[in-house]
Amino acid sequence: MRFPGRFACWILIALAAPVARICAAQAATRLPGELAWTIGYDPKTFDPAKVDDQESEMVRYLTAGVLLRFNRHTQEVTPSLAESWTVSQDGRTVTFRMRQGLKFSDGSPLTSKDAAWSVRRVLLPDTKAPVAEEFVSPAGVTVDTPDASTVVVRLPKRVVGIGKVFDEIAIEPAGRPSEGRVTAGPFVVSDYKRSQYVRLKRNSYFAARDGSGNQLPYSTGVRLDILENPEQQIRIFTRGGYDLIESLPPDYFELLKKTAPNTVRDLGAGLNTEQLWFNQAAASPLPAWEKSWFENRAFRVAVSQAIRRDDLARVAYLGHATPAYSFISPANTVWYDSKIIAPHTDVAAAKAGLKRAGFRLKGTQLVDAAGHPVKFSILTNAGNAQRNKMATLIQQDLGALGIEVTVVALDFPALIERMMHTQDYEACLLGLENVDPDPNAMMNIWLSSSENHQWNPSEKKPATTWEAEIDRAMNDQAVSANPVVRKRAVDHVQQIVADEQPFIYLVYPNVLLAVSTKLQGVKPAVLEPQVVWNVEELRTEVGR
Amino acid sequence: MSKPAVALLKWVARTVAIVLLVITGSTILVRFAPGYLSDAREMDARYAGVARAELSEEAARSHSLAGLVGAEIAGWARGDAGISRHFGVPVSELIRPRLAVTGGLLLRSVLLGWALALCGALMASLARRTSFLWQVPATVLLAVPTAAMATVCLISGHGGPVLVMALLLAARDFKFLERALRTAWLEPHLLHGRAQGIGTRRLLVAHVVPALVPQLFALAGLSLVTALSALVPVEVIFNVPGLGELAWNAALNRDLPVLLAITVIMALAVTVSGMASSRSQEWKSA
Amino acid sequence: MRLKVPVLAVLIALVLAACAIVLAPGTSYALQDRDLPLAGSSVHHLAGTDALGRDRLTRVAAALLLSMAGSIAAAALTTAAAAGVGAMAAFAGEGVGWAAMLVCDVFLALPWLFLLMMVRSALPLNTSPGNSAEITFFVLAALGWPACARAVYRGALRLKSADWMLQARAGGLKRMQVIRHLLPNMLPLLVPQFLISVPAFVIAEANLGALGLGVGPPLPSWGGMLLELDNSAMLLQTRWVYFPVALLVAVLLLLEAVAVED
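Heads up: the sequence lines are chains A, B and C, in that order.
Mapping of the first sequence onto this note's numbering: position 86 corresponds to residue 86, and the numbering continues sequentially without gaps.
Mapping of the second sequence onto this note's numbering: position 265 corresponds to residue 265, and the numbering continues sequentially without gaps.
Mapping of the third sequence onto this note's numbering: position 183 corresponds to residue 183, and the numbering continues sequentially without gaps.
With the rest of the complex left out, here is chain A (with noise of 0.2 Å):
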């Protein structure tokens, strides 16, 4: 009997040593003066004109030499390859004098040359490259370098916030495309370890200086580790392995805050919205009598105001989100209007419209005018706690009305499926994330004509007088030189879009970060990349 049990016993404590052993945490090893931070995949590509993913857009803003640089603090396009830069008055032709002396990072020289056939590259069709498209009509586009340092790019048509679409084009050597190991920017690629890490080294031939005429980047490179589980981020962050976390979720800010206070920071409203809306499509397998609930402008207005935005920006993200109530948001000051006349919360103004729309209550349940029940289903993606608890917030004050709601997750090509192919979804719980702050990107939202028009896409002719007019207004805008044209034009569209509510908004989430205290030059922007858009000025303590 006490040869078992002993014998036991010792298997165990001999197999504690090896456990031990087998499950220490891995360290990853962090060059000196090297930058850490995490993405959360494999960039698709590396090769800087047919990025069409984020991961690998990080990856080209950290090693691209571009034209002109959109500066996400001060918002504003600032030379960068290029010495300076014009527009003609038609805005038909811009003129970039490049900077002298300029190299590669193999220490070849950079010429006009090299910009041009960047240029014309992106614009092959064979290229596939997305941002050919920002040009309008690409094939339209000439490349012309009347000498070694000129660049002129003719334009069939004047194109709005030109000096954008130049930020996304990485200058490479002519004819030798590298995939980011031969740059003109900050850093190149080094090493690449499949779902472990991309590895970028400092370019010694990168051509900006700091104020003291010192060279930069600061660092001597970046590490971005392939991590999708916030819990390993924030626990190798708060070791000290990685510099910053960008895109906090609430709950997590809320937990460094506590463990390490200093490296929090609220940045207060983004650009992002989260919105829900009634699905309108014509084609929609959806029954005619839930049709015309969704189109009937009482119908989303009384929904609007039963929303407690307060509630879903205090309760489901811990007060990190600010409610909402327009597309553009109060951070992006030069395009909000802050005088629109939106519905706000109001159940009993719900009530009272949803009576005058011929709703009634049969006990609890709120019923049509020919009685047919009113429920529906709130679709949203699995996995993004904040919107599933959103919609359960919904739920509940839906059911103040009478309004019968079934929340579902899907996974996200589920619900793409669903939302953008087959249309058969009543309403829909989703984020719009807005990168650039000038509101002609988002065209393929507004325009009645657009697949991304999500209440209604594809229409052949605008199906409402209201989806008329926004297409009036939003291609009077992208067409327009004068701001305060183009700012009239926006307003109006604000004001349509609060009227009819096609998009219920419901808060603008806060931009959270945690920024290790190390860290040194963080000038944080609420455009991405928020933390490292100057990451040429970054250097950790250990790096000085």
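Derived from the structure by calculation, the hints contain no laboratory data.
Note that the structure is predicted; figures quoted are calculated from it, not measured.
Every residue, glycine too, gets a C-beta built ideally from N, C-alpha and C.
Okay, the calculated bits of chain C under chain B, using three or more residues with CB under 8 Å as the criterion:
(1) 115–129
(2) 143–152
(3) 231–239
(4) 246–254
Below, in silico cross-link-like pairs of lysine to any residue (SDA-like), each with a Cα-Cα straight-line distance of 20 Å or less:
(5) K389/A / L227/C
(6) K44/A / I83/B
(7) K174/C / P184/C
(8) K128/A / R52/B
(9) K164/A / E83/A
(10) K193/A / P241/B
(11) K375/A / A122/C
(12) K193/A / E93/B
(13) K3/B / E94/C
(14) K128/A / V89/B
(15) K160/C / M176/C
The hints should help you fit chains B and C onto chain A, whose structure is shown.
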């Protein structure tokens, strides 16, 4: 033909049949799952054009199900698992480094889990009054989701993927082993033996363990299935670059070629474990 | 047998207490007290509130009834299916056994996640949370049997060639009678399988929430509450997040005690 040769031939034929069925079944399941022809990038103005072009290419490729299944089987017959739909690189390039990582993780956790379960079950079956000392932790381990267990390890900074998987396996296998051992000790010949004062050690080595061998092997198959299902959360949370993490990514991106490769590997693992347990039985009866 | 009566009584008392909590006037598992999210224990909320300010005690009680019924039924179904398929395959002749095990192996390797997605897409989006829960537990039961069936098959094959079985069959025992004697011998395999399946299904139901299946809001999901444990931010908020897992452990230990053979 000799008997072992026939048996081997039968096993190969069975494995090929399973692989073919798994390829066909998986292709059908993935192709008809919602979202096969959608992409989150369709929502983003910057990338929507490229995403739609890729989707229409895939729609043309997968238009006929028979054609799609045929193409996949033909590819596998040539030894070519295709190109990942999401990553755009050959599937073999993705799988190879991860196979070693996951294989190592599985092997270490299965061995550790089994050792723990066996020790626990031995002690619990012999000292029945204190068996709750083993039952309670085993039950706690079963009631806590794997993801939560992994997170707790992560937060505390102690333990890693092997420990989490091993504990999970140990808890499950303990439940089976403890019961099997307890029943085994009640066999008349063992009761008789113990009453006659034969040492526990002798009884254990000579009677109990040999009698349990076939059951142990049958349980090994169950353990493998448990371990495979725990792979995804464990690898995702600990950021282990293994097959589980890849499978999860592939499922979220409807990456058919990668999913097929992973399911074929799983099918082979399951078949081999099945064969090992039936061989052991034959060996025992021989 | 002495142990089982009090254990059963405790289990029944637990269920009755849960019923009483859920049915008590003025309580609701759905009502959000939005001024008190993640509150600690108080007179109004004995076990505090969850992230949306809903009474945790009422939610745990309702989830206990819902998830326990669902997962116990699913575990019983899947164990019965495994026993049935395994025993049949062993006794119905070599060809059937071979085919059954082939099906099991294929079943174990297929990516069923996508079948679940298809089930979700075939259901109307406004399927009520209760129906969605029922369907989820049924699907889980339908997919959970093959691994155990394989083990049962191996065990049954061993018993088939045991001396007492040969004797019984030679003595003219009918197949059904044989199987009746077989099952008690398979209990050391089936009972743990059942006990393991219960928590596994509770958790699996919550994981399926990612596919739009499972217990939908505002119904409380026990598994959903267990999954709160994988969020360190939540763990630091209130100790009451451990309550559901503690209760699950207690229920499992009680079930274990009931299932002890004499």
